[in-house]
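Line by line, the protein sequences give chains A, B and C. Its first residue numbered 27, the first sequence is counted upward by one per residue in our numbering. Its first residue numbered 27, the second sequence is counted upward by one per residue in our numbering. Its first residue numbered 27, the third sequence is counted upward by one per residue in our numbering.
I should point out that these hints are in silico values taken from the structure, not numbers from a laboratory. Any given hint could be a false lead.
Simulated pairs of lysine-lysine, DSSO-like, Cα-Cα distance not exceeding 30 Å [said to hold, decoys possible]:
| id | chain 1 | residue 1 | chain 2 | residue 2 |
| --- | --- | --- | --- | --- |
| 1 | B | 355 | C | 355 |
| 2 | A | 355 | C | 355 |
| 3 | B | 228 | A | 355 |
Since the structure is predicted, the reported quantities are computational estimates derived from the model, not experimental observations.
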Amino acid sequence: MPRHDVQVSAGELAERFGLSLRGDATRLIDGVGTLAGAGPTQLSFLANPRYRAQLAGSRAGLVVVRTGDADAHAGDVLVADDPYVAYARIAALFEPVPATAPGIDPTAVVHPDAHVDPLATVGPLACIGARSLIAAGASIGPGCMIGEDCVVGSGSNLVARVTLVRRVVLGERVLVHPGAVLGADGFGIALDRSGSEPHWIKVPQLGGVRVGDDCEIGANTTIDRGALEDTVLEHDVRLDNQIQVAHNVRIGAHTAMAGCVAVAGSTTIGRYCMIGGAAGIAGHLEICDRVVVTAMTLVTHSIREPGEYSSGTPLMDSRSWRRNAVRFKQLDALARRVGTPPKETE
Amino acid sequence: MPRHDVQVSAGELAERFGLSLRGDATRLIDGVGTLAGAGPTQLSFLANPRYRAQLAGSRAGLVVVRTGDADAHAGDVLVADDPYVAYARIAALFEPVPATAPGIDPTAVVHPDAHVDPLATVGPLACIGARSLIAAGASIGPGCMIGEDCVVGSGSNLVARVTLVRRVVLGERVLVHPGAVLGADGFGIALDRSGSEPHWIKVPQLGGVRVGDDCEIGANTTIDRGALEDTVLEHDVRLDNQIQVAHNVRIGAHTAMAGCVAVAGSTTIGRYCMIGGAAGIAGHLEICDRVVVTAMTLVTHSIREPGEYSSGTPLMDSRSWRRNAVRFKQLDALARRVGTPPKETE
Amino acid sequence: MPRHDVQVSAGELAERFGLSLRGDATRLIDGVGTLAGAGPTQLSFLANPRYRAQLAGSRAGLVVVRTGDADAHAGDVLVADDPYVAYARIAALFEPVPATAPGIDPTAVVHPDAHVDPLATVGPLACIGARSLIAAGASIGPGCMIGEDCVVGSGSNLVARVTLVRRVVLGERVLVHPGAVLGADGFGIALDRSGSEPHWIKVPQLGGVRVGDDCEIGANTTIDRGALEDTVLEHDVRLDNQIQVAHNVRIGAHTAMAGCVAVAGSTTIGRYCMIGGAAGIAGHLEICDRVVVTAMTLVTHSIREPGEYSSGTPLMDSRSWRRNAVRFKQLDALARRVGTPPKETE
Numbered sequence: 027m028p029r030h031d032v033q034v035s036a037g038e039l040a041e042r043f044g045l046s047l048r049g050d051a052t053r054l055i056d057g058v059g060t061l062a063g064a065g066p067t068q069l070s071f072l073a074n075p076r077y078r079a080q081l082a083g084s085r086a087g088l089v090v091v092r093t094g095d096a097d098a099h100a101g102d103v104l105v106a107d108d109p110y111v112a113y114a115r116i117a118a119l120f121e122p123v124p125a126t127a128p129g130i131d132p133t134a135v136v137h138p139d140a141h142v143d144p145l146a147t148v149g150p151l152a153c154i155g156a157r158s159l160i161a162a163g164a165s166i167g168p169g170c171m172i173g174e175d176c177v178v179g180s181g182s183n184l185v186a187r188v189t190l191v192r193r194v195v196l197g198e199r200v201l202v203h204p205g206a207v208l209g210a211d212g213f214g215i216a217l218d219r220s221g222s223e224p225h226w227i228k229v230p231q232l233g234g235v236r237v238g239d240d241c242e243i244g245a246n247t248t249i250d251r252g253a254l255e256d257t258v259l260e261h262d263v264r265l266d267n268q269i270q271v272a273h274n275v276r277i278g279a280h281t282a283m284a285g286c287v288a289v290a291g292s293t294t295i296g297r298y299c300m301i302g303g304a305a306g307i308a309g310h311l312e313i314c315d316r317v318v319v320t321a322m323t324l325v326t327h328s329i330r331e332p333g334e335y336s337s338g339t340p341l342m343d344s345r346s347w348r349r350n351a352v353r354f355k356q357l358d359a360l361a362r363r364v365g366t367p368p369k370e371t372e
Numbered sequence: 027m028p029r030h031d032v033q034v035s036a037g038e039l040a041e042r043f044g045l046s047l048r049g050d051a052t053r054l055i056d057g058v059g060t061l062a063g064a065g066p067t068q069l070s071f072l073a074n075p076r077y078r079a080q081l082a083g084s085r086a087g088l089v090v091v092r093t094g095d096a097d098a099h100a101g102d103v104l105v106a107d108d109p110y111v112a113y114a115r116i117a118a119l120f121e122p123v124p125a126t127a128p129g130i131d132p133t134a135v136v137h138p139d140a141h142v143d144p145l146a147t148v149g150p151l152a153c154i155g156a157r158s159l160i161a162a163g164a165s166i167g168p169g170c171m172i173g174e175d176c177v178v179g180s181g182s183n184l185v186a187r188v189t190l191v192r193r194v195v196l197g198e199r200v201l202v203h204p205g206a207v208l209g210a211d212g213f214g215i216a217l218d219r220s221g222s223e224p225h226w227i228k229v230p231q232l233g234g235v236r237v238g239d240d241c242e243i244g245a246n247t248t249i250d251r252g253a254l255e256d257t258v259l260e261h262d263v264r265l266d267n268q269i270q271v272a273h274n275v276r277i278g279a280h281t282a283m284a285g286c287v288a289v290a291g292s293t294t295i296g297r298y299c300m301i302g303g304a305a306g307i308a309g310h311l312e313i314c315d316r317v318v319v320t321a322m323t324l325v326t327h328s329i330r331e332p333g334e335y336s337s338g339t340p341l342m343d344s345r346s347w348r349r350n351a352v353r354f355k356q357l358d359a360l361a362r363r364v365g366t367p368p369k370e371t372e
Numbered sequence: 027m028p029r030h031d032v033q034v035s036a037g038e039l040a041e042r043f044g045l046s047l048r049g050d051a052t053r054l055i056d057g058v059g060t061l062a063g064a065g066p067t068q069l070s071f072l073a074n075p076r077y078r079a080q081l082a083g084s085r086a087g088l089v090v091v092r093t094g095d096a097d098a099h100a101g102d103v104l105v106a107d108d109p110y111v112a113y114a115r116i117a118a119l120f121e122p123v124p125a126t127a128p129g130i131d132p133t134a135v136v137h138p139d140a141h142v143d144p145l146a147t148v149g150p151l152a153c154i155g156a157r158s159l160i161a162a163g164a165s166i167g168p169g170c171m172i173g174e175d176c177v178v179g180s181g182s183n184l185v186a187r188v189t190l191v192r193r194v195v196l197g198e199r200v201l202v203h204p205g206a207v208l209g210a211d212g213f214g215i216a217l218d219r220s221g222s223e224p225h226w227i228k229v230p231q232l233g234g235v236r237v238g239d240d241c242e243i244g245a246n247t248t249i250d251r252g253a254l255e256d257t258v259l260e261h262d263v264r265l266d267n268q269i270q271v272a273h274n275v276r277i278g279a280h281t282a283m284a285g286c287v288a289v290a291g292s293t294t295i296g297r298y299c300m301i302g303g304a305a306g307i308a309g310h311l312e313i314c315d316r317v318v319v320t321a322m323t324l325v326t327h328s329i330r331e332p333g334e335y336s337s338g339t340p341l342m343d344s345r346s347w348r349r350n351a352v353r354f355k356q357l358d359a360l361a362r363r364v365g366t367p368p369k370e371t372e
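Taking the hints into account, I'd like the entire structure generated from these sequences.
Structural data, given as structure tokens:
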């Protein structure tokens, strides 16, 4: 659903984004689309080889491609080293930007001890707590609840219905999607065995959350505040939806996590890691830089070497699966009988 | 906690729902209950064979059963082809319906460019954004945040604190539970390697979300909007709580998913599929109609044949599990030593 | 980020918490910190043996330790049977308590048929529905949405943006974190096959949710209301973030669950169970008291014996994992060839 009120010529796109054009420099582009769906006034791209077969038949007016793919398309192309990056930059031209004027909506509730910069935006039905600071150019969307002692840096955007519970400091240009909860109590409980019925007592969670510049935090993701020190996301960390980051976790710069990942307390994750969807990472571990974890893997020990890691079993039809899975219970007996020598094992 | 201000005779129930009654047609029923808990003025049902043993001793005034189970109960019965479906219809008579009069609560914030039908209901502290349309008979519960360019169809019900971020179109009679977030940005990022410190840039998410008639969307479930085209749920899709549906996913009519399922981007799921709790489905796959996926299974490739699919290992006491699981690392060595011929493999 | 406006002497701490002091009773403590981070006016503790090496070098003014660890620290120590419990109690002295005066914020919306005790607190932009009761000393934070027929007991605290949908009864001192949704419809659907296009019909969810005293419910956790009877948490149940508890589940007293656990409908879990992160528990099961389930395990059958249970496979580098995982599909063939005798199996 691209907007159609912006028009740019192919030549201008080439120049502005440093790409080389093969085709008509005066062609006007007014939107973007998929290879299969784009029309003659729209730009498309080929990044994932999975979609290469669609290139030849595409009706797109202009396609961003790698050098090697340029000849597979009869129409006009923009050649880029990284077509996906180039496309992302161009597509931003066609993204509708909601108009929000700075200022505090009359239905918002701002604590007298909070400080909202005159160039910040606070939307309808939002709430800003004591001693919290909203910087110039920051936008607090409708229904956001910000507690005490928080900072929202310049250019940061809390889309709607985001909660910063307490002692949450966001850097600049941080984007937080609806339903995210940052700074809730870490899950700290201690079993008091002194009485006749042992019961849990709560361990106070005295730390905060610090989020670096240019991070993105997905819808309904939760990041708890630290027990004593802070839970930390370095800059440019990208979290998808429904991720759980427990207290005292530290996530290195440029690390990205797909939806539904769970990271347990006090684990440190390096820079440039890629964590697949619904993976779990146990607590008190150290994961080094440039580690890739595949979807739904459980990480149970520290990882010292960059590389890709997995656990789990392959997908099968359930009848085959049951037949094989029941044998998993006999695996040790089986191995003992066969006598696999230790040297062959990992 | 059934209400007791509705009374219906057994005969009337039989006639109204096309069931055959064995027993007293004048008996008055004023509520529903479990086989174990229902009393002489309440109706119960037997659908799951797991509870058959409770039938003989049930004090329920009336029980909905299959033909084959009718003789196992001395009391009055209504015989149905599908007792669970018949029970569901009857129980709806006893469901308290919150009284909400059409109109916009004075504490709600409605953008001047939004259109709320005079026969729609907008609850307290809700917010409706520019160019959004709320149809006659739709209900927007307390604290819901609806952004720009959304449509809520006739008879749809956003219970409370639901967020429709942007470009979300709901059909008729769609039920959305609290905390659900529809239309947040899909997780599209591209790694820009051009500088000295490679970093992520955001790929604009220009599509929307389309949800067909009669869908149900659980609490805290998230459905992202598409990158270029829409994320789509066809009609009568039923999603439980805490499900993550990534951008560009398409889910076929009548498919149901249990809680905590994660579906990665651009995957297409067929009609009449049943996805078990906490299952994961990787991106860019095609799952055909009538596929059943068991709980916590990871689907890593497309599925072309209807049927049931699984992954994972059986539950064991941890000591046995550790002994066997460590052998999983030797499985290839073991198989080589034994020399399982390829023809025996799946 | 401990507060510094509270000062307590070491001697007073020893006396107040029944600990034995080795060191200067007049030393003033004004906060708490980690072994590595605490300074001379702060108290720290050693509970997890993983951090024992940090004890000798700690600059903390006072450290809570077990008897056996006292000699490993040259500085002042408080000796406790359970240092973590003692620390938790002491740290509570230094926890900033947000000042909230009883009363209803003028921006809150309270139904005329609701009852809010004059000594309860209702924060900004909260909403209380018909026939709901907020007891003395309870606190309803900003943006909370409470529907019809709910009870919030004395001393309970809904931090912010919590939703109690309908028929949710919370005991005393229950702590609920932001984004939690209690009392949404259970996921009850029945496939009506009577027409030409089979479709789902909704099974009314007529029960409620009952939560005992001293429970804690994490951010974005969901607990559905029962179909006929109530979903129940007994007292002192501790749930971390993003947990899904389906309808008709019963969780015994003192059971704790880490983040992202999913419990399917009608399952009963005993007392003093510990469920690891992202574990799944299938429906209609019975789990006895004192069961430990490790992270990401799937529980598919009832557990009658206390102990620890697991499923899954170990973490490996992906290359090794693929080589071994593919053999999982041959496991039955392998076992048949080797002929593992049944007596060796579990």
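Do the hints match the structure? See the list:
1. Only pairs whose Cα atoms come within 30 Å are accepted, and residue 355 of chain B paired with residue 355 of chain C is accepted, the gap being roughly 14 Å.
2. Restraint check for residue 355 of chain A and residue 355 of chain C: satisfied, since their Cα atoms lie roughly 14 Å apart, inside the 30 Å limit.
3. Restraint check: the Cα-Cα separation between residue 228 of chain B and residue 355 of chain A comes to about 46 Å, which exceeds 30 Å; the hinted pair is violated.
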